[in-house]
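Visitor: Given only the sequences and the hints, what does the whole structure look like? Please build it.
The listed protein sequences derive, respectively, from chains A and B.
Those letters in the first sequence? Residues 1 to 578, per the working numbering, in order.
Those letters in the second sequence? Residues 1 to 446, per the working numbering, in order.
I should point out that these hints are in silico values taken from the structure, not numbers from a laboratory.
Quick caveat: nothing in here was measured; it's all calculated off a predicted structure.
A hint or two may mislead.
Some chain A residues close to chain B (C-beta under 7 angstroms, calculated; not the full set) [as the list claims (entries may be wrong)]:
#, residue
1, Glu53
2, Val67
3, Phe69
4, Gly71
5, Phe141
6, Glu576
The C-beta atom is built at its ideal place from N, Cα and C for all residues, glycine as well.
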Amino acid sequence: MSSMASDQISGGAAQERALAQHVWLRVVAQDTEVRTGDDGDEVLTESVRIPAEHLDAGPRGARFHVVDFDGTAGKLSPPVTIRLGDEDPFADAAAASEAAKEGNARFRARNVYAVAAATLATFEAALGRRLAWRATGHKLFLVPRAFAEANAFYSPLDGAIYFGYVPGAESEHLTSLSYDIVAHETSHAILDGLRPRYLERGLPDQAAFHEALGDCVAMLSVFGHEAVVEKLLRALGQSGDRIAMKDLEEEKLRETALLGLAEGLGKAIGRNGPLRRSVERDPTPDWRDRPDLVEEHSRGEVLVAAMMRALLSIWTGRISALIGPDGADLERVAEEGTKAATHLLGMLLRGIDYMPPVDLEFEDVLEAVLTADEIVSPDDRHGYRDAVKEGFEAWGIATPQPAGIVDMTEREQPGYGRANASVLRSDRDEALRFVWENAEVFELDRTWRTSIEFLRPSVRIGPDGLVVSELLVGYVQDVELTAAQARALGVEIPAGLGDDVPLSLSGGGVIVFDQFHRVRLHQRKPLEDWQRHSRRLAHLVEIGALRAAEEGAPARVDLGEEPIAELHRSVANAGEVW
Amino acid sequence: MSPPPNKAGPAPTRIDVRMYQVGFGDCFLLSFDYGKEIEGRDERHVLIDFGTTARPRSEPPSSEEIVEDIAKRCGGKLDAIVVTHRHKDHLSAFSSDKRRERLEALEPELIVQTWTEDPDLDPDAPGPKGAGVAATGALQPDPSLRFVKELREAQAVADRIGGALAGEPGVLGTMGELALQQVKNKAAVDNLEKMAKRAKYHGRYVHAGSKSGLEKLIPGIEVSVLGPPTPKEWPEVAGRERDDDPEYWLGLRRLLDEVKAVAPDIPAVKAANAPGPTRWLLERMRNRQLDSLQGIVRYLDDALNNTSVILLFKVGKRRLLFSGDAQIESWSYALRAKEAKELRKDLADVDLYKVGHHGSRNGTPRSLVELWKPGGKLSSLLSTLPHAHNEKSERTTVPRGPLVSALEGLGPVERTDTLPGGRLFIDVTASTGNKAPFKVRPPDSK
Numbered sequence: 001m002s003s004m005a006s007d008q009i010s011g012g013a014a015q016e017r018a019l020a021q022h023v024w025l026r027v028v029a030q031d032t033e034v035r036t037g038d039d040g041d042e043v044l045t046e047s048v049r050i051p052a053e054h055l056d057a058g059p060r061g062a063r064f065h066v067v068d069f070d071g072t073a074g075k076l077s078p079p080v081t082i083r084l085g086d087e088d089p090f091a092d093a094a095a096a097s098e099a100a101k102e103g104n105a106r107f108r109a110r111n112v113y114a115v116a117a118a119t120l121a122t123f124e125a126a127l128g129r130r131l132a133w134r135a136t137g138h139k140l141f142l143v144p145r146a147f148a149e150a151n152a153f154y155s156p157l158d159g160a161i162y163f164g165y166v167p168g169a170e171s172e173h174l175t176s177l178s179y180d181i182v183a184h185e186t187s188h189a190i191l192d193g194l195r196p197r198y199l200e201r202g203l204p205d206q207a208a209f210h211e212a213l214g215d216c217v218a219m220l221s222v223f224g225h226e227a228v229v230e231k232l233l234r235a236l237g238q239s240g241d242r243i244a245m246k247d248l249e250e251e252k253l254r255e256t257a258l259l260g261l262a263e264g265l266g267k268a269i270g271r272n273g274p275l276r277r278s279v280e281r282d283p284t285p286d287w288r289d290r291p292d293l294v295e296e297h298s299r300g301e302v303l304v305a306a307m308m309r310a311l312l313s314i315w316t317g318r319i320s321a322l323i324g325p326d327g328a329d330l331e332r333v334a335e336e337g338t339k340a341a342t343h344l345l346g347m348l349l350r351g352i353d354y355m356p357p358v359d360l361e362f363e364d365v366l367e368a369v370l371t372a373d374e375i376v377s378p379d380d381r382h383g384y385r386d387a388v389k390e391g392f393e394a395w396g397i398a399t400p401q402p403a404g405i406v407d408m409t410e411r412e413q414p415g416y417g418r419a420n421a422s423v424l425r426s427d428r429d430e431a432l433r434f435v436w437e438n439a440e441v442f443e444l445d446r447t448w449r450t451s452i453e454f455l456r457p458s459v460r461i462g463p464d465g466l467v468v469s470e471l472l473v474g475y476v477q478d479v480e481l482t483a484a485q486a487r488a489l490g491v492e493i494p495a496g497l498g499d500d501v502p503l504s505l506s507g508g509g510v511i512v513f514d515q516f517h518r519v520r521l522h523q524r525k526p527l528e529d530w531q532r533h534s535r536r537l538a539h540l541v542e543i544g545a546l547r548a549a550e551e552g553a554p555a556r557v558d559l560g561e562e563p564i565a566e567l568h569r570s571v572a573n574a575g576e577v578w
Numbered sequence: 001m002s003p004p005p006n007k008a009g010p011a012p013t014r015i016d017v018r019m020y021q022v023g024f025g026d027c028f029l030l031s032f033d034y035g036k037e038i039e040g041r042d043e044r045h046v047l048i049d050f051g052t053t054a055r056p057r058s059e060p061p062s063s064e065e066i067v068e069d070i071a072k073r074c075g076g077k078l079d080a081i082v083v084t085h086r087h088k089d090h091l092s093a094f095s096s097d098k099r100r101e102r103l104e105a106l107e108p109e110l111i112v113q114t115w116t117e118d119p120d121l122d123p124d125a126p127g128p129k130g131a132g133v134a135a136t137g138a139l140q141p142d143p144s145l146r147f148v149k150e151l152r153e154a155q156a157v158a159d160r161i162g163g164a165l166a167g168e169p170g171v172l173g174t175m176g177e178l179a180l181q182q183v184k185n186k187a188a189v190d191n192l193e194k195m196a197k198r199a200k201y202h203g204r205y206v207h208a209g210s211k212s213g214l215e216k217l218i219p220g221i222e223v224s225v226l227g228p229p230t231p232k233e234w235p236e237v238a239g240r241e242r243d244d245d246p247e248y249w250l251g252l253r254r255l256l257d258e259v260k261a262v263a264p265d266i267p268a269v270k271a272a273n274a275p276g277p278t279r280w281l282l283e284r285m286r287n288r289q290l291d292s293l294q295g296i297v298r299y300l301d302d303a304l305n306n307t308s309v310i311l312l313f314k315v316g317k318r319r320l321l322f323s324g325d326a327q328i329e330s331w332s333y334a335l336r337a338k339e340a341k342e343l344r345k346d347l348a349d350v351d352l353y354k355v356g357h358h359g360s361r362n363g364t365p366r367s368l369v370e371l372w373k374p375g376g377k378l379s380s381l382l383s384t385l386p387h388a389h390n391e392k393s394e395r396t397t398v399p400r401g402p403l404v405s406a407l408e409g410l411g412p413v414e415r416t417d418t419l420p421g422g423r424l425f426i427d428v429t430a431s432t433g434n435k436a437p438f439k440v441r442p443p444d445s446k
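Guide: Right, here's the structure in full:
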């Protein structure tokens, strides 16, 4: 092997025995401010399992490239080589803690790499395939100390995630050392690869989902660390290894464990407010009428709140068998919390494949999550789906009526006569031909411009332990027209929007093929849902997103140059500017 | 003629507002006409702001000419000076000692400034001092004091950025200039302090809800201070959401010192230009560096704008609104805060509006404009100069087209940037007894 050998984390002499598939790297479990140890001054760290790969200095692997460039100071730090086993200087918790405290350049590079890689691995495991970035490159840049700003964001244009830092008099706070921030931003990048059109200005739920998914992944991933859950439970003031019965009630666990977690997350970039509110919020089915929840960001809190409710219900369900007269074993309670979080996260992520390519609404999220779970776990023995359903129902979110996901096995089957199944698996044009030929079956109007948005094979483990393979074909339909033309079609045009304002309306769906290349499901958002477009336009006018169009800009309304960076800024006053 | 407001006594029967052509800046002279002599004079005069950052492009009037015109218009006696905030385009004229002396000769009796300019305000003092900054105990630093401290630190940072970038070509240089506008106003600030010391009623440093002190100098009027709120009253006014480490700016300043941040040819960047996978990213990040520094300068620019004094003058039936460069984060207090209910009750009746922040997209909240009814009753005064502001994109053009159109839909908009070269000012005038629109006074009358 070349001198690169020492840069590998593939587990040593590769040719001579089976390649190691995973390695463990110690990272900050939550945030550098969360401490543990005898004197309570050791940063809480945990080893995470990530896929092994050949890794150059950077670290730079197949999917991530860490570049430690300080944009504010214009300072480039040398690339970092990750070492394993006895050579790993940060394998020891105390050493890792010290490095985290001082913001050590070698440590922050590996921390950001490991958390991002673990997050990608979680998504890939749930969806059963490799996931591509939106950008054309295969590697996503991670910049662990990008600028002196209390912000971190994913830039689709640069194919990079920038992690800001907050200078201080003595030390600085690095957002790249917060597990939740890295997981949150990586989720943005992954979702953007899966559903690029979610970054366009659409219905308010859509932008909210981008944030909510990031928050759910962040919260559930951190909650997937036993060390974190144990610490949260010990904060109850438990002495010894038992946890009292009164502390095991759903409401109590919410107050302590979840709230404690939310408060600790996202502190550096002021995001802990929304997270805390998501846990604290009492569900109200009529939240859509509440002015404080119409805005996109606070809307995301509703979805997070629904998921956290589901988490509590699953968790308390799992620990009920552990409870004796004197409470329960604390470590076991923590372990069950971790399992519940990990399971729920998997459910949520699997659902993404069944979400529409455009115009997502919370109802679709629920439907997608339930449908996806039904495929891998038809009998729902532990009532997980019920927990999710109840969590959403408390917020007045039910599956759409009529259903957005249609079971095609109960309907007229499309014609396969002019299609080639094996070509269809890998060729967008063949997929389009198939959709075109079967437009009537899929209830699509050929008038609108139709294109294939994605073509993805997916592999999962089914209920019988055998592999379930699927093919997902995402298509979109678009039409560009003026406000007057949209009105003629049945779209309600908000008052004050001129007849000549150019608009763009979209619809789309996902066709799911089973292992026999037969169409099994069809998730659909018809372009002809004029009522949906009326709602979308009303929302866009309300938030001022159509102003550029009113002034003659192109019809497609996206979030601007850096959509996610914009999302992270306060938009409380967005409607006030000209 | 309508009776004077509230109490018996002399009250202005007419009001004139003179908007000087300063280019990109503000300079307004308010003249209250009583129609008869009161203590020897039939008028009272208040100067609001006097500064510019870019002069009109053709035959620009000089500040000296303007000072002389002020002296002439107010007949040798200026009652009060209001300086809305510390930006160059609102106070640069005060930086010259000669002009200060000329203005002092007009014997202004009161200098009104924003609360953050109070020279007695000591952000390091254990107990707070100064207008509206109430004690909160030693453990929790007072957010208002912390804000002042932050502003000062941020100015030091901007000074470094400006020092390194001013004079550079292109957008770097533009940003350097913007950075310097945040800090290089010391001479003007010092001069204002001197004038305040000599003025009969000294200086008054106001925030939302405080007394302006103008009523005792201008009989028969009422003045409400609608802004700025202090961060203690309205945390939003302190600006973007940031980490609550009070040492942020201090750390940043040290950082910039350490690495000579802004020199465009940093060795590390040059080295990174070697071929390889990082090259592309670092090219992109050069723009980020600019964004990041710009973010710092903009934070300060916004924060200072949001210290602008917002005054609502009530003169007979007239309501005149002067808001300096206040942006939405400050305006939102007057428009939304529970505590400001009393303050905003007259906003819907405004019939003369000094367009905020030279017509920028965030200087005039939409919800403010929505309070005003169409029908041609509102007169707007817009002191501006196109392409003189630091413009990032078409959307940040000053003055902003959609705003100007909206105001034009409510009534006449008088603007300095369409005045012929060499014209010193435009006058608008109205009786205080009715709500008929303000009229432009022909250049040669009075």
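Visitor: Measuring from the C-beta of Gly71 (chain A) to each C-beta in chain B, is the shortest one below 7 angstroms?
Guide: holds (4 angstroms)
Visitor: Is the interface hint for Glu53 (chain A) satisfied, with its Cβ closer than 7 angstroms to some Cβ of chain B?
Guide: This hint is violated: Glu53 (chain A) lies away from chain B, its Cβ roughly 16 angstroms from the closest one there, beyond 7 angstroms.
Visitor: Under 7 angstroms, Cβ to Cβ, is where Phe69 (chain A) needs to be relative to chain B, so tell me if that hint holds or is violated.
Guide: Holds. Min distance 6 angstroms.
Visitor: Does Phe141 (chain A) meet its interface restraint, that is, does its C-beta lie within less than 7 angstroms of any C-beta in chain B?
Guide: With a closest approach of 5 angstroms, the Phe141 (chain A) hint holds.
Visitor: Is the interface hint satisfied for Val67 (chain A)? The criterion is a beta-carbon contact with chain B at less than 7 angstroms.
Guide: holds (5 angstroms)
Visitor: Restraint: Glu576 (chain A) near chain B, CB-CB cut 7 angstroms. Satisfied or not?
Guide: holds (4 angstroms)
Comparing the model with each numbered hint stated earlier shows that hint 1 is the single one that does not hold.
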